[in-house]
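Participant: Which chain is which? The protein sequence lines are L and E, in order.
Converting from the first sequence to our numbering requires adding 13 to each position, the first position being numbered 1.
Residue numbers are given in our numbering: position 268 of the second sequence equals residue 258, and the series is strictly consecutive.
Calculated from the structure, these hints are not laboratory results.
No residue lacks a Cβ here, since even glycine has one placed at the ideal position from N, Cα and C.
Hints may contain errors.
Stated by the list, open to error - Subject to a maximum C-alpha distance of 20 Å in a straight line, what follows is the list of computed EDC-like cross-link-like pairs (lysine to aspartate or glutamate): (1) E/K146 <-> E/E106; (2) L/K260 <-> L/E102; (3) E/K120 <-> E/E106; (4) L/K137 <-> E/E105; (5) L/K300 <-> E/D123; (6) E/K56 <-> E/D71; (7) L/K300 <-> E/D71; (8) E/K56 <-> E/E106; (9) E/K235 <-> E/E154; (10) E/K146 <-> E/D103; (11) L/K293 <-> E/E44; (12) E/K146 <-> E/E178.
Claimed, not checked - Here are some chain L residues the structure puts well away from chain E; computed CB gaps all over 12 Å: (13) P128; (14) R194; (15) M207; (16) P221; (17) A261; (18) G281; (19) Q284.
The chain contents come next:
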Amino acid sequence: MDAVAMKTERISSSSAERPPPSRRRRRRAPLWSIRGQVAPHTYVIMACVGIAVPFLAWVAVNAIGTVPRIFMPSPTDVALRFVSWLSNEGFGADFWTSVSRVSLGFLASLALALPLGLLSGTFKPAEALLEPAMDFVRYMPAVAFVPLMLLWCGVGETSKIAVIFVGTFFQMLLMFADDVRRVPMQQIEAAQTMGATRREIVYRVIFPSAAPAMLTTCRITLGWAWTYLVVAEMVAANSGLGYAILKAQRFLQTDKIFAGLIVIGVIGLVQDQALRGLHKVLFPYLKGR
Amino acid sequence: MSKGILIEDLSKTFGANLVLDDVSLSIAPGEFVTIVGASGCGKSTLLRILAGLEMADSGVVACGDKEITGPGVERAMVFQDYSLFPWLSVMGNVLFSRRLAANAHDNLALERDAEEKRAALLLSLIGLSKVKDAYPTQLSGGMRQRVAIARALMSKPAVLLMDEPFGALDAQTREVMQDLVLEVARNEGTTVVFVTHDVEEAIYLGSRIVLMAPYPGRVDCIYDVPFSRNRDMSIRIAPTFLDLKRRIMNRVRDTVANSFDGVDQALTG
Chain L
14 MDAVAMKTER
24 ISSSSAERPP
34 PSRRRRRRAP
44 LWSIRGQVAP
54 HTYVIMACVG
64 IAVPFLAWVA
74 VNAIGTVPRI
84 FMPSPTDVAL
94 RFVSWLSNEG
104 FGADFWTSVS
114 RVSLGFLASL
124 ALALPLGLLS
134 GTFKPAEALL
144 EPAMDFVRYM
154 PAVAFVPLML
164 LWCGVGETSK
174 IAVIFVGTFF
184 QMLLMFADDV
194 RRVPMQQIEA
204 AQTMGATRRE
214 IVYRVIFPSA
224 APAMLTTCRI
234 TLGWAWTYLV
244 VAEMVAANSG
254 LGYAILKAQR
264 FLQTDKIFAG
274 LIVIGVIGLV
284 QDQALRGLHK
294 VLFPYLKGR
Chain E
-9 MSKGILIEDL
1 SKTFGANLVL
11 DDVSLSIAPG
21 EFVTIVGASG
31 CGKSTLLRIL
41 AGLEMADSGV
51 VACGDKEITG
61 PGVERAMVFQ
71 DYSLFPWLSV
81 MGNVLFSRRL
91 AANAHDNLAL
101 ERDAEEKRAA
111 LLLSLIGLSK
121 VKDAYPTQLS
131 GGMRQRVAIA
141 RALMSKPAVL
151 LMDEPFGALD
161 AQTREVMQDL
171 VLEVARNEGT
181 TVVFVTHDVE
191 EAIYLGSRIV
201 LMAPYPGRVD
211 CIYDVPFSRN
221 RDMSIRIAPT
231 FLDLKRRIMN
241 RVRDTVANSF
251 DGVDQALTG
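Chain E with its partners taken away, still in its complex shape (with noise of 0.2 Å):
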C-alpha cells in the first residue's frame, strides 16, 4: 500500500535565513524520488517536513490524501546514524514499533508469530538473520544502517524517508547498500524519497532527481533517469549514467556560484 505525496508551495523559515521558498514537487506512489543539492539547500529540512518532524511555515504537503500535520507510521524515516536503540537487540531494534500503542490496532493488524515472521523475512532480507540477538554496538556501521532500514519497514511504511543514510559509510559498504534499498523498495512497493549530496548515488537509485538550489532553498529543476527500475552495477559506466551525472554535478555548481554571487551582491549593494 504505497502512497504518494504532494508538496505546493511550501515555504520554511530559521530565524532570518529562508531554507525553503516555495517548493512545490509531487511524487507518485511506489515512486523512487532522489534529492540531491549543496548545502543548505534545505533538502533534509524538507524530508524532516515530510516526516512530520519540523513543521512548514506555509504551504501544504500531504501523504496519499491526508494532509501531513507531524510524524505518522505511515512515514517511515532513516537517519543517517545513531537512530537504533542500543539496549536492545537487532530484533528488539526491528520489532520495537509493534510494540507501540499507536500499532496494535492498524489495518496491518498482525499477529505476533506473523510479526516474527515478517521481522525474520526482513532480517533475511538484509542479510542479518545470523546476528539477530546482537547488540548494535557489536555491529559495524553498515550492519546499523541495515537493520535501520528493516526497523524502518516493519510496519510496512507506504513511504520510507531516507536522509543520507548512508552518508557515513565507506565506498565499498555505501554500493552493497544501494543494491539492498533498490531491492527491498522494489519488493516492498515503497514509495522512497531519498536525500543524498552523492549525484552518483542518486542516479543509481532514483527514477527520478531532484535537484535543489541553496539561499534561498528551492527546486532548481528534475531530472528522469533513463533506466529501468531493475538496474544493477553495469549502469554506473554507461554513457548517459556518466551523461548525467557530469550535467547534475555542473549543474549542483552553477547553483552554488549563483548563490555566492546572490551573497556577494547582498554585501556590496
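Just chain L, same shape as in the assembly (with noise of 0.2 Å):
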C-alpha cells in the first residue's frame, strides 16, 4: 500500500519538472463546477441531449394527438413537405434569394462600419462627430424603417438590402469601434517610441491588435442580419425564406412555416460554427499554452 503510495508520488513529482504541454490526467472536478471545463465529448453529448429533448417532446405531443396537426405537424409530415419544398416548391430559389440579401446587405454594412469605426475607436474627434449620431439612430427599431425603405426603394431587392443595412451597420459601427478602443495602450505607445507613424499603427497595430474582436462582432451582427432579412421579406417580397414562410401561414401550411424556421435555424447554427472555425485558423495565437 505504501509502495503504491510512493510510486505514485513519485510519478507526480516527476510529471511537475516537465514542460506544460501535454498535461497529465488530473482527478476530475465534480461536473457542475463554477466555471469548470468539460471534456469536449461530454460536450457534444449533453448538446445533443439538449436538442433532443424539445425533439422528442414534439414527437410525444403529436403521439399524444391532443393538438390538431394543423397547429403541430409532426416531424414526419415537416420532414416530407421539406423533401417536396426541394423537389418541386423552388426552396432553392428561396434559400439563395434570402442568402445574397443577407450577404449583400451584410457586406454593405460592414464596407462602411469597418473604416469608420476603425476611425472613431482611434481618434476622438471622428468619435465625437460619429458615435452620439449613431446613438440616436441605433435606438429607432430597424423594423420601423421597412415603410420608409419601401417608399424609398420600392419593392426591389434594394429595399431589403437597405432594412438589413439600417439593423446592422450602427450597431457595428460602434461595437467595432469599442473593439478599437480595447486594444491596449502600451501596444500604441511601444509603436510610437519604435518610430511608428500615425498610419502605421493604425495599420500594423490597433487593426491586427482589434481584429479577432471585429471577426466576433461580425459573427453577432451576422445573426441579426438573418432577423432582418425575414422581417423585411414578410413585408414586401414574393421571394425568399421569409417569404415563403408568411405564403405558407396564408394557406394554413403550418409543416411549411414549421420547415422555414429550422431551415433558419440550421442557416444560423452552420453560419456562426464556421466564423468560430475562421476565428480559429486566422488568429492561431490566441490559444495560449
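Dock the two chains into a complex; use the hints.
Facilitator: Written out as C-alpha cells, the structure reads:
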C-alpha cells in the first residue's frame, strides 16, 4: 500500500518538472463546478441531449394527438414537406435569394462600418462626429424603417438590403469602435517609441490587435442580419425564405412554416460554427499554452 | 552610440495636480540611472516625458543635443506589461521596428541579413533563441519581458527607458532579469533610465539613484552607488549595499510622511 503511494508520488513529482504541453489527467472536478471544464465528448453528448429533449417532446405531443395537426404537424409531416419544397416548390430559389440579400446587406454594412469604426475608436474627433449621431439612430427599431425603405427604394431587392443595412450598420460601427478602443495603450505607445507613424500604428498595430474582436462582432451582427431579412421579406417580397413562411401561413401549411423556421435555424448554426472556425484559423496565437 | 539626457526646470500638471515641480537632472551618455520614490512622485510621468509620450508644461528635455518633442527611435521604452504584439511571433516582435518606414534608412542601415543577425544575437543574449517562433501568449511573464527588451534594443537606441519593467514578475524571475539588463546595458553601452519602486533593485542596477518625492513630484536627492558596473549578486549582502538601502528606504518614508503633513496643513489650514 505504502509502496504504491510512494510510486504515485514519484510519478507526479517528475511530471511536475516536465514542460507544460501534455497536461496529465488529474482527478476530475465535479461536472457542475462553477466555471468548470467538461471533456469535449461530454460537451457533444450534452449538446445532443439539449436538442433531443425538445424534439422528443414534439414527437410525444403528436403521438398523444391532443393538438390538431394543423397547429402542430409531426416531424414526418415537416420532413416530407421539406422534401417537396426542395423538389418542386422552389426551395433553391428561396434559399439563394435570402442568402444573397443577407450577404449584400451585411457586406454593405461591413464595408462602411469597418473604416468608420476604426476611425471612431482611434480618433476622438471622429468619435465626437459619429457616435452620438449613431447612438441616436440605433435606438430606432430597424423594423420601423421598412415602410420608409419601401417608399424610397420600391419593392425590389434594394429595399430588403436597405433594411438589413439599417439593422446592422449602426450597431456594427459602435461595436467596432469599442473593439478598437480595447487595444491596449501599451501596444500603441510601444509602436510610437519605435518610430511608427500614425498611419503605421493604425494599420500595423490597431487593426491587427482589434481584428479578433472585430470578427466576433461580425459573427454577432450577421445573426441580426438574418432577423432583419426575414422581417423585410415578410412585409414586402415575393421570394425568399421569409416570404415562403408568410405564404405558408396564408395557405395553412403549418408544416412548411416549421420547415422554414428550422432551415433558418440550421443556417444560423452553420454560419456561426463556420465563423468560429475561421476565428481559430485566422488567430491561432490566441490559444495560449 | 549612446547619448546623454538633460532635463531643466521641468514642470507638469494634470488638472490641478502638480506632478512634476521644477525638475532638473542631467544624465551622462552610457550611464545607468534608476529612479525611485513613493507613488505619486511623478517618476513614471518623467519617464514618459523622456519617451515623448507626454508633453511637459514648461522646461526643457533634450536627448544628446536634440530637444525632445515626441517619441523617437533613439529612445526606446520597455513597459510593465501588455506591450508585445500578440499576433506576431517572438522574432516578429523583435523585428517590428525594422519594418517601419522611419527605420528603413536610418544611420544603422541594416541590411536584411544584418537585421536577422542582430535579432538572433539579441535573442541569444536574452536566452530565447529556441522560442523565436512562439507567440507571446505561449510565454511566461518573464520571457515576455525579455522579448520586450530585445525588441526595444533592436534599433540600437541611444537611450533605454524602462518603466517598472519587472513589477509584475515574481522575485526569482526578477533577479534573473536584473542581471540580464545589467549585462545587456554593458554590452550595448546604452544609457538607461530605469523607474522602479523597489529600492534594492534600484541600487543593484543603478550607478546613480534619483529619489523623487511626491506632492508635488520633485527630485528629493541623488545617491551615488559605490559599486562598479561589473557587479554580481554578492553585493546584495555587502554592508555598504545594505546601509545604502536602509538610508534610501528611510528617506522614501520621510518624503511620504512630509507629504502627508502637507496634506494635513492644506486640510486644516
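Participant: None of the hints should be skipped; say for each whether it holds.
Facilitator: Hints, verified against the model:
Proximity of E/K146 to E/E106 is assessed by CA-CA distance (about 14 Å); at most 20 Å being required, the pair is judged to hold. For the given pair, L/K260 sits about 12 Å from L/E102 by alpha-carbon distance, which is consistent with the 20 Å threshold. The straight-line distance between the Cα atoms of E/K120 and E/E106 is roughly 15 Å, inside the 20 Å bound, and the hint therefore holds. This hinted pair does not check out: L/K137 and E/E105 have alpha carbons roughly 37 Å apart, beyond 20 Å.
Restraint check for L/K300 and E/D123: the C-alpha separation of about 15 Å stays at or below 20 Å, so the hint holds. The straight-line distance between the Cα atoms of E/K56 and E/D71 is roughly 29 Å, outside the 20 Å bound, and the hint therefore fails. At most 20 Å may separate the alpha-carbon atoms for a hinted pair to count; L/K300 and E/D71 meet this at roughly 19 Å. Annotation: proposed proximity of E/K56 to E/E106 is violated, straight-line Cα distance about 30 Å (limit 20 Å).
Taking the CA atoms of E/K235 and E/E154, the gap is about 18 Å. The hint holds against a cut of 20 Å. Using a Cα cut-off of 20 Å, the hinted pair E/K146 and E/D103 holds, with the two alpha carbons roughly 16 Å apart. Proximity of L/K293 to E/E44 is assessed by CA-CA distance (about 38 Å); at most 20 Å being required, the pair is judged violated. Proximity of E/K146 to E/E178 is assessed by CA-CA distance (about 8 Å); at most 20 Å being required, the pair is judged to hold.
L/P128, annotated as away from the interface, keeps every beta carbon of chain E farther than 12 Å; the closest lies near 20 Å. The non-interface label for L/R194 is consistent with chain E: the shortest C-beta to C-beta separation is roughly 15 Å, beyond 12 Å. Non-interface call for L/M207 relative to chain E: violated, since the shortest CB-CB distance, roughly 4 Å, does not exceed 12 Å. The claim that L/P221 is not at the interface with chain E is violated, since a C-beta of that chain comes within 12 Å of its own (minimum 5 Å).
Chain E leaves L/A261 outside its interface by the beta-carbon criterion, the shortest separation being 48 Å against a cut-off of 12 Å. Every C-beta of chain E lies more than 12 Å from that of L/G281, the closest at about 29 Å, which supports listing it as non-interface. Listed as a non-interface residue, L/Q284 keeps its Cβ farther than 12 Å from every Cβ of chain E; the least gap is roughly 25 Å.
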